[in-house]
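Asks: Chains as they are written, first to last, in this note's numbering: chain W, 1 to 372; chain S, 1 to 372.
Hints may contain errors.
[Claimed, not checked] Computed spacing ranges between beta-carbons, pair by pair:
1) W:A253 - S:H42: 36 to 42 Å
2) S:W220 - W:R316: 30 to 36 Å
3) W:E147 - S:D142: 45 to 51 Å
Please keep in mind that the hints were generated in silico from the structure rather than gathered at the bench.
Values in this document were obtained by computation on a predicted structure and should not be read as measured data.
A virtual CB, placed ideally from N, CA and C, is assigned to each residue, including glycine.
2 protein chains.
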Amino acid sequence: MADGLQMSRRIRRTPYTDRVEALGVRGFSVVNHTLLPKAFQHSVEDDYWHLRTNVQLWDVGCQRQIELRGPDAAKLIQWMTPRDIGSAHVGDCVYTPLIDRDGYLFNDPILIKLAADHFWLSIADSDVELYALGLATGAGLDVSVREADIWPLAVQGPLAEDLIAGLFGESLRSVRYFKTAWIDVEGTPCLIARSGYSGQGGFELYAEAAIGPRLWDTLWAAGQHLGIRPGCPNLIDRIETGLLSFGNEMTRANHPLECGLARWCDLDADINCLGLDALRRIAKEGSRNRMCGVAFSAPTDRVCAQPWPVSVDGERVGQLTSAIHSPRRHAHVGLGILATHAATIGQTVSVQLPDGTEGRGTVQPLPFPDTD
Amino acid sequence: MADGLQMSRRIRRTPYTDRVEALGVRGFSVVNHTLLPKAFQHSVEDDYWHLRTNVQLWDVGCQRQIELRGPDAAKLIQWMTPRDIGSAHVGDCVYTPLIDRDGYLFNDPILIKLAADHFWLSIADSDVELYALGLATGAGLDVSVREADIWPLAVQGPLAEDLIAGLFGESLRSVRYFKTAWIDVEGTPCLIARSGYSGQGGFELYAEAAIGPRLWDTLWAAGQHLGIRPGCPNLIDRIETGLLSFGNEMTRANHPLECGLARWCDLDADINCLGLDALRRIAKEGSRNRMCGVAFSAPTDRVCAQPWPVSVDGERVGQLTSAIHSPRRHAHVGLGILATHAATIGQTVSVQLPDGTEGRGTVQPLPFPDTD
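Chain W with its partners taken away, still in its complex shape (with noise of 0.2 Å):
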């Protein structure tokens, strides 16, 4: 009972947390003030490798969607990135790491362009409508800033693409990653999008409240021929697709170039984000980290509420911030930031666990290459 969660409002539930409790959820995590499932009856492992053959129904409404609105909203959402979005079409997916004017980090969505003055923004765990609505407000723009009441559900796994065709027509298999398309759910318009926070592929539907249960309810019974399950972002897939996860592998006092997030950042482009030019001279001075994967040796099934330290030959070199271990290379797997001198492929490095030991590895591409 050490890391029991004490349920109040201010902890706000989703139009989906009733359904995964009737399912057993045994913990969760608080994502922008939201319950995010993170256990069912079945271990990590087990759950991950059945999302790597199967499909499962994920309660992520905690990925709250900020929605701006107006003649101004995409000048907005520019000031706030360093990725042009001026190519962007109506019905994109685009991954945007937000900074601030410093050029850190205080977010990484994914904007959905629902209009050309229409945006969602599919938020990790920080308050971006408060920073949007400042800086709207200070600037005296003429956008709405405001959460929707919008709860995103992923579908995830291999086979999530014939549990969406068979309910929803047989057209969305054509949805190619990160594009969107509208489906009807009981006379209301969804919006589905290619995408999820899995490497095993899948959807994500974002659905109003009203009509959230009932779209659980008919995934649920959709996928039962197909042994679907409840699940929840897998660390163990998690890692080893390289997706990163901002609190964890990155916080306010990173910036995105030593975040594995270069190519995200249009440096060169002629946009007007408020902190490209203190990107700019980051870049110019040059990165002195890299996010990095590391594959080692760990017998601990500690997690990683504090980062673990990282050292090469002695000499402290970074940290591991996200580690599992993976039952497919039969090690464990991590994610962190690593000195950019010690940030090469097969670089061997030390990893310091919280039980005092040592565990041995190397220093993985990202995503970490596949073993099968």
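Following the hints, complete the assembly by docking chain S onto the known chain W.
Replies: Same frame as chain W, but now just chain S:
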């Protein structure tokens, strides 16, 4: 295990988390992405009696300090709060509801004035740093905004003064409510305030992380002869005292006038708060709702994880957002916003409980009248 909290770096530990774990903490909540202990070995009721007669040490490091410093710091704070902060002196604590341009709340921190151009906001559960930084960036203000490396510890209860005076000097007995002093902790200056999130009196110490664990140990050791216990904000005491919780009693959907915060809104002052005109309009129209206490019979030990509807003669008039059994009044006590026409002391109401039954009770003043 249905309510297990999954740990990760994103759920931040405080400098005191090791200490509360060693003392057998049984549960946490998450506030500002940070752990807040919520239960130790005794029941909430037992800890309530202890808090009223003794002294407790609370890890309230989750009350993060947002530091605003620079020529425009005072201006930026006044932009965010309808309370006139012009008369605050260096060393004062000031309760400051924060509102957006539409008059709606986004936090209700304690403002601590360290110098004319240097403030801390000791915040409730939302990213005030992001709003303040967005506003400063959008308006081009000359002010730095950051989360400071300061982690509050609370010493609460009637014996708190004896503990603090014994350790840090008799002169601290003369520190008045919401006033501060500086103490020396092993060579490091540490701010101490007569304040805290209980109705039983006490102090809050604003410690740097580097001295935090030793400060905890010093207080814990010196408190042994007084019968000190580890504790946390006590829900019975909090409700009876009428202490509101942002995210529970009030959300982004509420303005301060319906939350019982009118006395901290200087509607007639000549100040530049960006939401003041909106708040004046709301005041002119007349607030339709009012924050109330309710005492009621409720044979349930369920927590108020979702609002409990309140009705009068079958008509829904509002909801309770926090509630728990009070042993002193042999009834449940709750807080919530009710329609003005129902918000009169003594009004009979029905509370719809999560088990499907109804509790009967009456509207109470805040704080709840003492029963002793």
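Asks: Next, verify each hint and record whether it holds.
Replies: Against the structure, the hints come out as follows:
1. W:A253 - S:H42: 36 to 42 Å: With a Cβ separation near 38 Å, W:A253 and S:H42 satisfy 36 to 42 Å, so the hint holds.
2. S:W220 - W:R316: 30 to 36 Å: holds, 31 Å
3. W:E147 - S:D142: 45 to 51 Å: violated, 31 Å
Hint compliance for this structure: hint 3 alone is broken.
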